[in-house]
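Chemist: Sequence:
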Amino acid sequence: MKQWLILTAAVMLTACNGKQTAPADHDAAETAVADSLTVGNCYDNLVMSEAKAQLDSAFAATEEYAEAHSRYDDIVGKARQGMNEVETAIDELAIAKRAINHHGRYFASHTDEMRNPLNQILMATYSKRLRKAQMALITMKLDDSQRAKVDSINAM
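In case it helps, this note's numbering puts the sequence shown at residues 11 to 166.
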């Protein structure tokens, strides 16, 4: 089981740090770097680093932890160029919802892996981040189309 966790973390880190071929067009290069798969992998890497830090507080001072946060901020910053505060919050909610649904389905079919404290903390961290995204949107003034989009994401 530890080997699986190490392999998963390595795949996520590789996906988040992997070099992509740059298209000739600069705008296309930014889009390629900030695609939804890359954002999702970086989000998973970020949440994994936060879960590890909860399990071992010394991990929060490591380069791996700082790199996960920095990489996510860079990739998401590119993906969110031109978005206003509400659009950014809705995007964060969508990312968090997709991630918790994906990992929730995985652990629902691999219940034996939930005996691992790291996986328990990992799912709790996904939940906390989803709740934080939902709470941020509660205080914002949303128009009808934005409210419909939030409702749609929450219904996923």
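Since the hints were derived computationally from the structure, they do not count as laboratory data. Cβ coordinates follow ideal geometry from the N, Cα and C atoms, glycine included. Just so you know, not all the hints are guaranteed correct.
To be verified - Pairwise CB distance ranges, derived in the manner of DEER restraints:
{"no.": "1", "residue 1": "K142", "residue 2": "L47", "range": "33 to 43 Å"}
{"no.": "2", "residue 1": "G92", "residue 2": "L152", "range": "11 to 21 Å"}
{"no.": "3", "residue 1": "D84", "residue 2": "S137", "range": "20 to 30 Å"}
Said to hold, decoys possible - No farther apart than 30 Å at their CA atoms in a straight line, the calculated lysine-lysine pairs in the DSBU-like style are these:
{"no.": "4", "residue 1": "K88", "residue 2": "K159"}
{"no.": "5", "residue 1": "K88", "residue 2": "K138"}
{"no.": "6", "residue 1": "K151", "residue 2": "K138"}
{"no.": "7", "residue 1": "K159", "residue 2": "K142"}
Chemist: Next, verify each hint and record whether it holds.
Modeler: Hints versus structure:
| no. | hint | verdict |
| --- | --- | --- |
| 1 | K142 - L47: 33 to 43 Å | violated (23 Å) |
| 2 | G92 - L152: 11 to 21 Å | holds (19 Å) |
| 3 | D84 - S137: 20 to 30 Å | holds (25 Å) |
| 4 | K88 - K159 | holds (22 Å) |
| 5 | K88 - K138 | holds (24 Å) |
| 6 | K151 - K138 | holds (22 Å) |
| 7 | K159 - K142 | holds (17 Å) |
In summary, the structure is inconsistent with hint 1 from the numbered list given earlier, while agreeing with all the others.
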